[in-house]
Amino acid sequence: MAKEYKTLMTEIRLPYELSYGPVWTRFFEGMAEKKLYGTKCEKCGRILVPARSFCPRCFVDTTEWVEVAQQGTLTAWSYVNYRYFGMPTEPPFIGALIRLDGTDVDFLHLMGGIDLNDFEQVRKVVKNGMKVRAVWKEERQGHILDIRYFEPI
Amino acid sequence: MTKRVGIVSVAQGAGAESKDNFYDQAYRITKEVLEKVGITRDDLGTIVTASSDIFHGGISCANSYYWETTGAFLKNASRQDGESLFAFFYAVMRILSGQFDTALVMALCKGSENPPNDTCTLMFADPFYQRPVGLQETLAAALQMRLYLERYGITEEQCAEVAVKNLGNALGNPYAHRKGRYTVEEILGSERLADPLTALQVAPKSEGMVAVLLASEEKARALTDKPVWFKGYGSSLDHFYLGDRDLLKGPLRDAAARAYRMAGIADPQKEIDLAEITEPYAFQELLWCEDLGLCGEGEGGKLIASGRTRRNGDLPVNPSGGVLANNPYVSRGLQRLVEAVLQIRGEAGERQVPKEVKTALAHGTHGFAGQCHAVAIVGIG
Ligand SMILES: [Zn+2]
Chain A
35 MAKEYKTLMT EIRLPYELSY GPVWTRFFEG MAEKKLYGTK CEKCGRILVP
85 ARSFCPRCFV DTTEWVEVAQ QGTLTAWSYV NYRYFGMPTE PPFIGALIRL
135 DGTDVDFLHL MGGIDLNDFE QVRKVVKNGM KVRAVWKEER QGHILDIRYF
185 EPI
Chain F
12 MTKRVGIVSV AQGAGAESKD NFYDQAYRIT KEVLEKVGIT RDDLGTIVTA
62 SSDIFHGGIS CANSYYWETT GAFLKNASRQ DGESLFAFFY AVMRILSGQF
112 DTALVMALCK GSENPPNDTC TLMFADPFYQ RPVGLQETLA AALQMRLYLE
162 RYGITEEQCA EVAVKNLGNA LGNPYAHRKG RYTVEEILGS ERLADPLTAL
212 QVAPKSEGMV AVLLASEEKA RALTDKPVWF KGYGSSLDHF YLGDRDLLKG
262 PLRDAAARAY RMAGIADPQK EIDLAEITEP YAFQELLWCE DLGLCGEGEG
312 GKLIASGRTR RNGDLPVNPS GGVLANNPYV SRGLQRLVEA VLQIRGEAGE
362 RQVPKEVKTA LAHGTHGFAG QCHAVAIVGI G
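Chains A and F, in that order, give the protein sequences. The numbering used here numbers the first residue of the first sequence as 35 and each following residue consecutively. The numbering used here numbers the first residue of the second sequence as 12 and each following residue consecutively.
Calculated directly from the structure, the hints in this document are not laboratory data. For clarity, every value in this text was computed on a predicted model and none was experimentally measured. One or more of the hints may lead you astray.
Pairwise CB distance ranges, derived in the manner of DEER restraints [as the list claims (entries may be wrong)]:
# : chain 1 : residue 1 : chain 2 : residue 2 : range
1 : F       : E196      : A       : K68       : 45 to 55 angstroms
2 : A       : F119      : F       : D64       : 43 to 53 angstroms
3 : A       : R60       : F       : E196      : 50 to 60 angstroms
In this text, a Cβ means the ideal position worked out from N, Cα and C, and glycines have one as well.
The task is simple: from the sequences and hints, build the whole structure.
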């Protein structure tokens, strides 16, 4: 659209090198081996996943590492059907919060393993409270998307 | 509070794309807010600005660029990044310090120039865990909406009613960016972006240069016959990781309790005459009304269905059209405050509510699904 004034199209690209820190390094190395690790807060007893170095509520260091279950309960989901910068995969896909068995926070990931093309079908199948399990990629690199998605059990 | 702080002048720019650049646009709004009470830059005590670097403006250390547009040359000024109601409170404190008798709060955003909201808010997410999964504000809100619908039996139609109301209210607001008469069916039938959210239940990206001039009590009375007094403020912050939070029991309850305590409000349903709420996603107006105590928990659906929150209702919410109609990120909380002040002063033009407004509430939020909230109470008498 023609405008009555000039505009400048510009783009900013900046390189950063961000440290995972020791706790998240261990968590993501675990993912490369198909394991999910959390840490336990001694004070409130909660198991946090992904693992954390401290409990933000009790404000104390977490001390104990626990390998957590790779299955759990779907607590919230959204059927995403538009493209956006940084989308994890081509739409449609399902963004999901999953309470892994034995843990005390929700794990943010994707839900899949079902036909996603027909939303009305998806709506019939996907329900909060349903049981889901992690599906791993063959090739893993210590990345959150080493889990392809969670599928219904 | 022993001393009082008065709001003596407000100004805002329109939300639609303007031909001005950022720098000139900010200057014009500063001039307007000062001229309305007949003071010059020389009279201005201190300045607090709110803006967001890079992602919502494309420039870093943004205040070094725009500060002089707010009259800040050689003055004691400060900037805060993020929700502008925080900046409002910093300016209030500067007046209360006794060091300044006037303070300008300015929020700056030129959304029309920015990447989509989802691109900017993707950068809110940490780069290791949540960002690669594609978390941005719309996805976070969609997850929250799903929980809201299921936990309380709120219907999608009730959520859509918020968009019908607010986009309709915006027809009376010359500053609003998106407006129109819609039906619930049209709202629900708009593009299904992130189910259960449809496009007309998602705020646009807008421009918003918003200015509020504060003064000490004595100075306020000298500058205007219609000062609106600062009554109370509260804010609160939830966990960072979305999965650590109860998305339906968020920190707004704490922020509201703090603001009400400071303002001496015991029963907000009786004592708040009007609320301007930051609802970038339609259902959030209902959830935030619950958290603000304007209705009971889980009763947001009933509240909108009752018609009480319409412009002509007994508890108008977002008579301006709210953020669904105009969404200048960062500036939106301060813009809610400007609208509250205009309603109290009876200067809201076509969108003026047909009831007396003595005490009004302005709310701002920032972060995923209401990670942080700020609540301000202002009034007369
Ligand atoms: Zn703890």
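Each hint tested on the structure:
1. F/E196 / A/K68: 45 to 55 angstroms: Given about 47 angstroms between the Cβ atoms, the range holds.
2. A/F119 / F/D64: 43 to 53 angstroms: Since the Cβ atoms of A/F119 and F/D64 sit about 18 angstroms apart, the hinted range of 43 to 53 angstroms is violated.
3. A/R60 / F/E196: 50 to 60 angstroms: For A/R60 and F/E196 the Cβ distance comes to about 52 angstroms; the hint holds.
Checked against the numbered hints listed earlier, the structure breaks hint 2 alone; every other hint is satisfied.
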